[in-house]
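Undergrad: Let the hints inform the model, and build the full structure from the sequences given.
There are 6 protein chains.
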Amino acid sequence: MTHTPDITRPPKDMIAALKDIGAATVAGTLGHMGIRNTHIQGPVTQNRGKSIVGPALTLQMMPKREDLYDEGEYADPEKQLHRHVLYHVQEGDIVVVDARGDMMSGVFGDMMSTYFKGRGGAGIIVDGCLRDRPNLEKLDLPLWLRGWTPNFHTQTNLMPFAVNVPIACGDVTVIPGDIIIADDDGAVVLPPALAPEVIAKASEHHDWEEYSRMKLMQGAPLQRYYPLHDDARPEYEAWKLEQAAAKR
Amino acid sequence: MTHTPDITRPPKDMIAALKDIGAATVAGTLGHMGIRNTHIQGPVTQNRGKSIVGPALTLQMMPKREDLYDEGEYADPEKQLHRHVLYHVQEGDIVVVDARGDMMSGVFGDMMSTYFKGRGGAGIIVDGCLRDRPNLEKLDLPLWLRGWTPNFHTQTNLMPFAVNVPIACGDVTVIPGDIIIADDDGAVVLPPALAPEVIAKASEHHDWEEYSRMKLMQGAPLQRYYPLHDDARPEYEAWKLEQAAAKR
Amino acid sequence: MTHTPDITRPPKDMIAALKDIGAATVAGTLGHMGIRNTHIQGPVTQNRGKSIVGPALTLQMMPKREDLYDEGEYADPEKQLHRHVLYHVQEGDIVVVDARGDMMSGVFGDMMSTYFKGRGGAGIIVDGCLRDRPNLEKLDLPLWLRGWTPNFHTQTNLMPFAVNVPIACGDVTVIPGDIIIADDDGAVVLPPALAPEVIAKASEHHDWEEYSRMKLMQGAPLQRYYPLHDDARPEYEAWKLEQAAAKR
Amino acid sequence: MTHTPDITRPPKDMIAALKDIGAATVAGTLGHMGIRNTHIQGPVTQNRGKSIVGPALTLQMMPKREDLYDEGEYADPEKQLHRHVLYHVQEGDIVVVDARGDMMSGVFGDMMSTYFKGRGGAGIIVDGCLRDRPNLEKLDLPLWLRGWTPNFHTQTNLMPFAVNVPIACGDVTVIPGDIIIADDDGAVVLPPALAPEVIAKASEHHDWEEYSRMKLMQGAPLQRYYPLHDDARPEYEAWKLEQAAAKR
Amino acid sequence: MTHTPDITRPPKDMIAALKDIGAATVAGTLGHMGIRNTHIQGPVTQNRGKSIVGPALTLQMMPKREDLYDEGEYADPEKQLHRHVLYHVQEGDIVVVDARGDMMSGVFGDMMSTYFKGRGGAGIIVDGCLRDRPNLEKLDLPLWLRGWTPNFHTQTNLMPFAVNVPIACGDVTVIPGDIIIADDDGAVVLPPALAPEVIAKASEHHDWEEYSRMKLMQGAPLQRYYPLHDDARPEYEAWKLEQAAAKR
Amino acid sequence: MTHTPDITRPPKDMIAALKDIGAATVAGTLGHMGIRNTHIQGPVTQNRGKSIVGPALTLQMMPKREDLYDEGEYADPEKQLHRHVLYHVQEGDIVVVDARGDMMSGVFGDMMSTYFKGRGGAGIIVDGCLRDRPNLEKLDLPLWLRGWTPNFHTQTNLMPFAVNVPIACGDVTVIPGDIIIADDDGAVVLPPALAPEVIAKASEHHDWEEYSRMKLMQGAPLQRYYPLHDDARPEYEAWKLEQAAAKR
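Protein chains in written order, with our numbering: chain A, 1 to 248; chain B, 1 to 248; chain C, 1 to 248; chain D, 1 to 248; chain E, 1 to 248; chain F, 1 to 248.
Any given hint might turn out to be false.
When chains are identical, the list treats them as one kind, so a pair holds in a single copy or across two.
The list that follows gives simulated cross-link-like pairs (lysine to any residue, SDA-like), each with its CA atoms no further than 25 Å apart [as the list claims (entries may be wrong)]:
no., residue 1, residue 2
1, Lys117, Tyr236
2, Lys79, Arg233
3, Lys138, Gly219
4, Lys50, Pro134
5, Lys50, Ala244
6, Lys79, Glu204
7, Lys247, Glu210
8, Lys12, Asp140
9, Lys79, His229
10, Lys50, Gly147
11, Lys240, Ala202
12, Lys50, Arg146
Hints listed in this document are in silico derivations from the structure and should not be mistaken for laboratory results.
TA: Rendered as structure tokens:
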């Protein structure tokens, strides 16, 4: 019987702390920490405005070799590894698929995706395609994909090969259990060990941004307001007091 | 005078029988029948939610050679083959253009597309671009394209070369008169000779899907409900009776 | 101190005269004038329905060389050339960025774009990406891009190199001060010296188009109505009189 | 029984007159005549130093559709169109194959190529691959290819579809019977109707080139010697007389 | 301490039996057996005329993540996995590297390759680059590569990640211990379990090929000699007797 | 009259000191110094075994715009900027051309290249093509190119735009006067300011390499000999003494 490993999930409060940070801040902070690129390039949001954070379950597709995978094998659903990755799904999990950028294979269709949603999965990232879009869209699942195809997952050149192993997706290495942050900018990989530092740094420099944004929108000089120049700090502090007063 | 051949159209009831099947089911069924790939890769839906079925009229664009096609020739509209393919359009027809993946030529613009719509054309598939999007969108024509360009059809590297000949579009061979099924998953080519078998197979396995989908959405085990396990059949049969009773 | 040149802007009435012409007509007219391709290929509209005309400020990104640009240099914002191009923005200006088709660098983020909008900038064209989409979309700025990334502008392989120099963007040479016309078809470059001829030609052949469009939509013959055949001119003239009468 | 059309061959003396001109001169001359690009891009010489001129027989490969071409069909060699194009080969003919840039199909192998050579074929151009290189190289056939593969011609995604029809090869339209000029610069298509003009123009400007080349090699100024400046004509004329005298 | 698994090598006589078969015959035979594509696409011979057969040791490169691999780690050579794959090399082994098609990383240089040769390695296949070509060429090692670069293996975007795990190389899945057959046509993967059938089939149809090749080279009809027609069998049999007599 | 700037050349002894270092050592040393990538990717050696070092003259090609460059302009050779870059050539100079990866334009032909050689030019790097290969090869000029074409430099999509300005070539920024080191590994850019450090570092670790290479070739352990282990140093020192003695 096929058995595949589960992942170690990061603590719930770590996930919670990352909820409002956004992919751009995470990627940028990691960049300044020396991790140059964590952006899964290629898959783009399929339903704008979604924002998810969660641990990665991984599925590795490989080039099909008919001696390793054939239609006969397909007959026994329990051998199909693209099903097994879904068996591991817990509330809030994100499935990340290395589909090798292939535009001719639809990794999951309507029923698999319904099951994923029923299990409480947070979203799916594929450097390739899903199929069955007319039905699948009704689920309103957060999806980052390269596209859609009517073909099923092993119809042309791919076969499912492994579950919860390290994969390369969109030119980023993803280790099972890594944290995925995905929004309209795309999907970013955050190693759990670096999450505390990212959370700390991301919360640092926010205080004057709202004021600066307001001034910039009025056409005020970038040099003075972004980053906030020392000369402008008094006026910002004054504004902050006003705001506080107004709220009382 | 330029003369181009017409196509043989499949029977109306064949088209009708295919209306509710969807590109994914057609492509998947053909895949299991040994026709590996019939998905026209590259052109994607430009106005989500459209679904069309109809016979293919074809237009072949070729690399421009100024000794075969020049601006002077352009002066006589009746020599322009991209017009001729439209002359053949009957209610429900689909124009499929081999534009060689070119992103710099807009095969049809606003007026050609208006004429196409006036003739009752069902939709257009181009492995390339149309132009005049601001106007053309008002027509709400079902379109599967690689993109849009402001350039006209022979402005850069292409020339129209033949009408209703076999073409390659999106890496699929399309024979004039082949049936096109296109929806949000993309466009698929169905040879009319295989349509009866596809129609028969596509209608087979639908009976328990609604029940399974409902269960999966509730988080029930994939192993039990997709495909429906023998153990679960009695509960499904019971549900079916209930449903029937409820409807009475 | 870093100093960058400003551009010469075309007269306001030239810009105004181009407002209703559209990218397709400009590109097509230039094509017939012997300027084969002025379409900036790659960047596509990010918020459909926008239409802008204005002079180009240019920003040139180049492959990063750490001896020429490093994180330390980043410390002094006033050395950052992507800021300098924004300092030049006047009401109606368009920033065009040669980002080398790079999908891993987000040239501007939320704050830069807010400043751009505050200055009255008309829109941004990048053969690459912006970042910070969740925030940036609230600005509703007209944007033509290849995509989005969470990475900041120098996080991976690019560095800002020059402002208001000739650039190549989407395989078109753009000279600072060239006029950009951008709509849902894409962005087109119009050399100011050719603008008068384009404006003149673009206004020529419009008179019977509305009538022809109406007829074509009714399924009338393309041969008779597009271009309008001499045989059909009397009926068109009659219709025009009717229209005029109706308006009185 | 399968029957395919033959081509009309240009007169032998036209071919002979083109022998010493070279692909660069033909392409450049056509360029100045308004035929911008006749270079078959992609296929490169496989055995340096070869130079051939001859009429094109064409073979069109298309994306495989198993309903149109299957292994069973393969059983009857006389149906295989890649054989039929070879049946037409006469002394000096060149086979040009539209293999769609495919790197996974070897259009001809050792035995087909041996037969081609036995028939007196001048060379083969493929925007794709041949197979069986270890054996095929012994034939020393002039070949312009994208590469080599061990796969046979229909092993993956292509099927032979038509013989002696117009094809696109390396982004150039080739009409059966067009003249091919191929050397280390690549392969160029010359329409027979334009050959007389090309031959006339190509023979024009050669007289001072030998002298100029000699001077340039000595480090003399380009401005004076290429093209030959009027100031330098007397010294060239003098040299020419010397040369003539020396030969006597 | 880093430890990596060894592979199971196929019997020596299996390797020996494959020596004279050639990549084209192996790939073609596997194709007819239903294994469509076993050609490692991309890497091409770097020193023509080499032909090797042997078991695959595999090295997997992955997109660099600085939290998983940094310059510091580089300080301890014994942690470097590209060294470890070489520690496993036995006489006749072939190292196959999944370098992700990367053209900016040179997986091995001069010293590593010297060690590989010293251990008796048969050849190296990389869907990427080696470095140090001026020195490395002196070794005359059989190499199939995409190219060369002066950069070292982790200088840009890759890191060595695993040894003797299944990899994808040139769009073919390679299992450690699979047999590689490589010659001027490229490199092919042969699963050891299928080797006996391939060896049997490959030796079948060779008997009349020499005669047919001779006849084809003389311009004799393809229809009669390839495959050998029944009508021609008597003359072939006669020739075979002659040959035998001549040898005596 | 067209005037273009000259470059500042590095001292002759700096060039001399770099002669024996090789592109791999320079690129690797720069990599360890934090300059990640200086390899001009794309252009490859056209005549194996060449090794050159010299300062870069640069030529920038840009996408053709017929309003900026037309056939008429071509009539005055002295306006053609691809000639002007050659006017600057001094003994040992290297011309580097940003040809935008274009495969359809031959930047220089036979006569230009002859002049370049006559001036003592060391070699040419183009991320694109030259033309006239049959003649040009006789010059035996060191060349790193993407390929060859019969088309001339402005026949299709490019125009020469600037001389001795910063360019991007093969995804590396090249400043006029930068040092180019090119050999069979490819071409590398070395900023003159970093040359002394590179020269110093490159000469450091060479002393035991010859001994290690010899041992590795005999199959000795990599762990012991590369890098040379302290345990092996005595035997190396002994060998060094022997060698010295043998030479006396």
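Undergrad: If a hint holds in the structure, say so; if it doesn't, say that too.
TA: Hint check:
1. Lys117 <-> Tyr236: Between copies only: 21 Å across chains, 46 Å inside a chain, cut-off 25 Å.
2. Lys79 <-> Arg233: between (63 Å within a copy, 22 Å between copies)
3. Lys138 <-> Gly219: Between copies, since 17 Å is at most 25 Å while 43 Å is not.
4. Lys50 <-> Pro134: both (19 Å within a copy, 9 Å between copies)
5. Lys50 <-> Ala244: neither (32 Å within a copy, 39 Å between copies)
6. Lys79 <-> Glu204: For Lys79 and Glu204, the Cα distance is within 25 Å only across copies (24 Å; inside one copy 49 Å).
7. Lys247 <-> Glu210: Intra 16 Å, inter 53 Å, cutoff 25 Å: intra-copy only.
8. Lys12 <-> Asp140: within (24 Å within a copy, 35 Å between copies)
9. Lys79 <-> His229: Between copies only: 15 Å across chains, 62 Å inside a chain, cut-off 25 Å.
10. Lys50 <-> Gly147: both (17 Å within a copy, 17 Å between copies)
11. Lys240 <-> Ala202: within (21 Å within a copy, 54 Å between copies)
12. Lys50 <-> Arg146: both (16 Å within a copy, 20 Å between copies)
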